[in-house]
Amino acid sequence: MSNLLPNLDDLLTELPGATPGVADARALAQAASSASTVDELDQALTSLAADWRKS
Amino acid sequence: MTGQGTRLLWVEIRGFRAFGTEPRRLELDAPLIVVHAGNSQGKTSFAEALEFLITGYSSRRDLLGGAKAEYDDSLRNAHLPDGDLDVYIEAGVAGPGGVVHKVRRELVQDFGYGAECASRLLIDGLPVEDLAAVGLPMSDPPVRAPVLLQHILRDVLSTQPKQRVGYFKALLSLTDLDLLHDRVAAVCSTLEREAPGATLAAVTRLLQTPATQAAAAIRDVVDGGLDAETIALVVDVELLTAGSELLGTPATQFPELQTALEAAVAEQNEETFPLGAFTASAVVDASSRPDLDTYANALGQADRDAAHLAPLLAAALAVEDLAGLDHPMDCPICATPKALTPARIVTLREQLRRTTAVDAAAVAAGGVVQKARQDLDRLLAALPGAVPAAGAWSPEQLAAAGAQLRHLDVDDALAERARATAASLLPAADGVRTAIKAAAEMLDRTALDIKARNGLSGDLGGRYTALTDAVQQLQRASQNHHEALQALRAAVEPAVRHRVAGSGFAELLNLVAHGEQLVEDLVAEAGRRRTIKRLKAAELALSKGAGRVLDARFEQMSEAIEGWWASIRPEELVGFGGVRRRAGGARFINLDATLRSTTTGHAVIRDAIGVYSDSQLNALGLSIFLARAELLGSSVVVLDDPIPGSDSDHRLTFVQNTLARLLDAGTQVILTTFDSKLADWAQSNHDHRGLVSYQLTLSDLSAGVDPSQTSDTFSRLLLEAEDNLYSPTSRGRRAACGSYRAAAERLAKQIVATGRTHDGTMCTVADIHAEAPMLKDLVPLVNGYALDNAEKGQWRTFNKVLNPGNHDDDVAPTTELKVVRGNLRRIAKTHREHWPTGLLA
Numbered sequence: 001m002s003n004l005l006p007n008l009d010d011l012l013t014e015l016p017g018a019t020p021g022v023a024d025a026r027a028l029a030q031a032a033s034s035a036s037t038v039d040e041l042d043q044a045l046t047s048l049a050a051d052w053r054k055s
Numbered sequence: 001m002t003g004q005g006t007r008l009l010w011v012e013i014r015g016f017r018a019f020g021t022e023p024r025r026l027e028l029d030a031p032l033i034v035v036h037a038g039n040s041q042g043k044t045s046f047a048e049a050l051e052f053l054i055t056g057y058s059s060r061r062d063l064l065g066g067a068k069a070e071y072d073d074s075l076r077n078a079h080l081p082d083g084d085l086d087v088y089i090e091a092g093v094a095g096p097g098g099v100v101h102k103v104r105r106e107l108v109q110d111f112g113y114g115a116e117c118a119s120r121l122l123i124d125g126l127p128v129e130d131l132a133a134v135g136l137p138m139s140d141p142p143v144r145a146p147v148l149l150q151h152i153l154r155d156v157l158s159t160q161p162k163q164r165v166g167y168f169k170a171l172l173s174l175t176d177l178d179l180l181h182d183r184v185a186a187v188c189s190t191l192e193r194e195a196p197g198a199t200l201a202a203v204t205r206l207l208q209t210p211a212t213q214a215a216a217a218i219r220d221v222v223d224g225g226l227d228a229e230t231i232a233l234v235v236d237v238e239l240l241t242a243g244s245e246l247l248g249t250p251a252t253q254f255p256e257l258q259t260a261l262e263a264a265v266a267e268q269n270e271e272t273f274p275l276g277a278f279t280a281s282a283v284v285d286a287s288s289r290p291d292l293d294t295y296a297n298a299l300g301q302a303d304r305d306a307a308h309l310a311p312l313l314a315a316a317l318a319v320e321d322l323a324g325l326d327h328p329m330d331c332p333i334c335a336t337p338k339a340l341t342p343a344r345i346v347t348l349r350e351q352l353r354r355t356t357a358v359d360a361a362a363v364a365a366g367g368v369v370q371k372a373r374q375d376l377d378r379l380l381a382a383l384p385g386a387v388p389a390a391g392a393w394s395p396e397q398l399a400a401a402g403a404q405l406r407h408l409d410v411d412d413a414l415a416e417r418a419r420a421t422a423a424s425l426l427p428a429a430d431g432v433r434t435a436i437k438a439a440a441e442m443l444d445r446t447a448l449d450i451k452a453r454n455g456l457s458g459d460l461g462g463r464y465t466a467l468t469d470a471v472q473q474l475q476r477a478s479q480n481h482h483e484a485l486q487a488l489r490a491a492v493e494p495a496v497r498h499r500v501a502g503s504g505f506a507e508l509l510n511l512v513a514h515g516e517q518l519v520e521d522l523v524a525e526a527g528r529r530r531t532i533k534r535l536k537a538a539e540l541a542l543s544k545g546a547g548r549v550l551d552a553r554f555e556q557m558s559e560a561i562e563g564w565w566a567s568i569r570p571e572e573l574v575g576f577g578g579v580r581r582r583a584g585g586a587r588f589i590n591l592d593a594t595l596r597s598t599t600t601g602h603a604v605i606r607d608a609i610g611v612y613s614d615s616q617l618n619a620l621g622l623s624i625f626l627a628r629a630e631l632l633g634s635s636v637v638v639l640d641d642p643i644p645g646s647d648s649d650h651r652l653t654f655v656q657n658t659l660a661r662l663l664d665a666g667t668q669v670i671l672t673t674f675d676s677k678l679a680d681w682a683q684s685n686h687d688h689r690g691l692v693s694y695q696l697t698l699s700d701l702s703a704g705v706d707p708s709q710t711s712d713t714f715s716r717l718l719l720e721a722e723d724n725l726y727s728p729t730s731r732g733r734r735a736a737c738g739s740y741r742a743a744a745e746r747l748a749k750q751i752v753a754t755g756r757t758h759d760g761t762m763c764t765v766a767d768i769h770a771e772a773p774m775l776k777d778l779v780p781l782v783n784g785y786a787l788d789n790a791e792k793g794q795w796r797t798f799n800k801v802l803n804p805g806n807h808d809d810d811v812a813p814t815t816e817l818k819v820v821r822g823n824l825r826r827i828a829k830t831h832r833e834h835w836p837t838g839l840l841a
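In the order they appear, the protein sequences are chains A and B. In terms of the numbering used here, the first sequence opens at residue 1 and continues consecutively. In terms of the numbering used here, the second sequence opens at residue 1 and continues consecutively.
Rather than coming from a laboratory, the hints here were simulated on the basis of the structure. A hint or two may mislead.
Stated by the list, open to error - When the alpha-carbon atoms are kept at most 20 Å apart in a straight line, the in silico PhoX-like pairs for lysine-lysine are as follows:
(1) B:Lys536 - B:Lys451
(2) B:Lys800 - B:Lys776
(3) A:Lys54 - B:Lys533
(4) B:Lys536 - A:Lys54
(5) B:Lys829 - B:Lys792
(6) B:Lys677 - B:Lys818
Go ahead and model the full structure; you've got the sequences and the hints to work with.
Listed below in structure tokens is the structure:
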């Protein structure tokens, strides 16, 4: 798990269910998990949002 | 847990706050270190030095309040000489696994002049960012080190409830979830700020026209959840429908619709102001004189008479009988008898060969002349377009145009100027027309010369030069008019657009002309809005999830705080009830107090800040800090004055419960206190664990804080005396006398035992005690080792001052006892330094 976001696992545990908002929150948290800097975090989130724009 | 097992072994401080020019080293290799000092003697500087060692920062600046500038130059000792920048804290650290490292923090730049402080950190001589590698990691700000200072103790209680959330999140290391939430919000905000495509603004303009229904339908597709293909279909249908309704004729194809709308817009514009009457086409350059040099040269080389006859000879020699003539015959042209002989045919054939080149050149020259004639015709045909209609306007027409301009709020002088420049094109165009005519006539004459294989007879070059001059004159006039036209256009077009806006023609034309872009912008806008909606919903879910994580941590922390609270204030009717978010929100934190009327009674919940006394609030701040240290697994804890003077009732519970719990957990505790009784009790209760104690004094501001180790019996007795030193009653001071007398006896025995051992007779303190237990017996012995006469006198004085009689009047006042204390400290210090191996214990 990310050093930048050490509590991400706990957060993911608190995001159960399949409602669209929760599913998207989970997707954002998972995208963020590989980031080790704020720049990388921004990049991961922006990239996911760009995918959403196209879908 | 991080840092488990890490322990400070020693620390050396120089130039930091109250520590001055003398580097001061304190041995810390014990589970408990008790540092006692009066007010303003340097104990907080000591605690802050340890904070600075770990964090490179001073939390005082963030938490104590006031302006940042008030902390300028606050870290470097104010009494260091100018240019002395050697400010450092160095320490021996036994890291996880017991490996010992030397760490050093050097102050590079103090707070000041708008800048943060800066420092350099080394582990075993190598630069590092933090001390995590030796088990002393930094936590989230503002409390980044396990060092409890007074401003930290009270900050959480005095701060606004809203700010308390951040404090607790920092304590619980949960700020990373805020970071995630903030960055998601930032992505969303970036999308929200993004401007929609330009064609969507055109859709908005169309909303204000009779085509509003179509515009609304197009606008609404972005929120309809439609795919790109469906959006394109909706756009096609709506634009065609709107076009049909506006024009009053059915439109089924975009190219036709666009043409019809362009015509309608142009007509509408011209009705508003006839800008077209001022518009003229550009004047093209005149073509250059046709190149006939090849023909002229070929003609020069051939016999001109023969050349004239060349067509005739060619025709004759094409006759089969003549071509193969083998006997003389009569000439078929002039009928001269026998004039045409085979020899003459040979001669004629030679003559014809020479004139063939002239023929070829003449054919080419004829083509050139024909082309030049066509160019002139085109130039002539273009001339009317180069002259605007307004050039020939009557005064009435000009007056009418001026009135239209005024109606448009445009300066009518612009039309007058443009009309004048247009009129100047008329004579220039006539000049070109005349020059074209002259050149054309000359070309016709040239064509005849060529046809007859004659030399070129007229001045064709001169006609073309005149034509070029005339065209250039027209171009200059045209350029002049173009400038006037541009000024007129710049003023008229916006005014016309504004006047005709709302009719829908121009607005619809704009969208029809950019149909593909419109679909692209709509698809992009639909994606943008959909994504913003998803991000906002996800943001909310993340907030709720983070809130649940926070609740779980709060529950865990509440138990820990409650445990520490109970250690400080056991069996109280007022208790601690927990930390929780107010109404499940994310902005406010409540600290609950439980209030009972009996130990088993029902607890009433109230806000702790509102109902706790000062000492209870202090205990709560301490409990919160200790819970944090416990949850973070801090293996070293520094407590600066944890129990205030007003809370003397809880000294003992703190020493016996709180300190014991910390030490039992293997935490190294560095306790600084002004309270001699607290220091004394801490030592006497935990002596068996192994401890180090220090007394800090600050008598030389330049040299700085001076630590003296007081772990021995002598020092303990001095500390004990402090409890009664300031007593207003003789009974209290008599107790202080007893402690000082016992301390003097202990010191005298140590000096005598050390002196005798040094002289060659091995001896212990116990040996001297057996020989001379009382001060009066010890004074003669110790004076044999006094280092100066003053010391001898002081020993004799001790015996008198510290042995009061039974009457209250005999008890020394506080001022005299303080002199005794100072003398005892000085004698102990000088002897510790005098004897090569220190004093025997």
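Each hint tested on the structure:
As the CA atoms of Lys536 (chain B) and Lys451 (chain B) are separated by approximately 89 Å, the hinted pair breaks the 20 Å bound. Distance hint between Lys800 (chain B) and Lys776 (chain B) is fulfilled; the C-alpha atoms sit about 9 Å from each other, no more than 20 Å. Distance restraint check for Lys54 (chain A) and Lys533 (chain B): the Cα-Cα separation of roughly 14 Å lies within the 20 Å cut-off, and the hinted pair is therefore satisfied. This hinted pair checks out: Lys536 (chain B) and Lys54 (chain A) have alpha carbons roughly 17 Å apart, not beyond 20 Å.
The suggested pairing of Lys829 (chain B) with Lys792 (chain B) holds, with an alpha-carbon distance near 16 Å, which does not exceed 20 Å. For the hint linking Lys677 (chain B) to Lys818 (chain B), the alpha-carbon distance of about 17 Å falls within 20 Å, and the restraint holds.
Hint 1 alone, counting from the list given before, is not met by this structure.
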